[in-house]
Amino acid sequence: MVKYSKEPDNPTKSCKARGSDLRVHFKNTRETAQAIRKLKLAKAKSYLEDVLAHKQAIPFRRFCRGVGRTAQAKNRHSNGQGRWPVKSAKFVLDLLKNAESNAEVKGLDVDSLYVSHIQVNQAMKQRRRTYRAHGRINPYMSSPCHIELTLSEKEEAVKKEPDTQLAPRKSRKGQALHSGASS
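For what it's worth, my numbering labels the leading residue of the sequence shown as 974, then goes sequentially.
Here are the simulated SDA-like cross-link-like pairs (lysine to any residue), alpha carbons at most 20 Å apart as the crow flies:
#1 Lys1060 / Lys1070
#2 Lys1016 / Asp1082
#3 Lys1060 / Arg991
#4 Lys1011 / Pro984
#5 Lys1011 / Thr985
#6 Lys1063 / Leu1025
#7 Lys1098 / Ser1116
#8 Lys1028 / Ala1044
#9 Lys1013 / Gly1080
#10 Lys1018 / Gln1029
#11 Lys986 / Lys1013
#12 Lys1011 / Ser1051
Since the hints were made in silico from the structure, they are not lab data.
Working from the sequences, and respecting the hints, build out all of it.
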C-alpha cells in the first residue's frame, strides 16, 4: 500500500485515488488541482468538463509568467491570468472518477463528497535531446507529476442546544458598576 502525504480525518467517510509518473505537465496540473480544491465532487467534475470545452478557464496563480489574461479567469481570481490546460484537466477528471467509484465500492454517499485534499508533486524528469546549431546538443526534458487526492463526506454541523436552564451571568465589570451605583 502506498503512503499518502495526508491521511483523512475520518477514514471511514473518505476515499482516495492517486496517479504516479503521469506524463502531463507539472505546472499546469498544479494550477488545475488548486482550482478544484474544496469543491463538491459534482461541481469539480462539471468545472473540469467546462475547461475541456473552453467554457471556463483555470486561473494561473503561481506559475503565471507569460500567461495571458482572460475574462473567464478574472471571475475566479483577481489577476485574471488563466488558460485551458486540456490534458491536465483530463488526467484530474479521470482521477476524480476513479475516486468516485472507490467511494461507491466503500458505500459512501457520492452526493455529499467534496475534494478535501489534492496534491501534485514533481516526478522524475524524462530525458530526450534536441540538436542545435554548430553540432551542439541540448536537453529536451519532460516534467511529469504525481497526483493524489482524497474525497470526504461533509460533516453535518450539530446544532447547539439553547441554554434554557442557566441564568444569564453578569460579568465582574457589570457587578462592580451595579454595586457602585447602589452605595
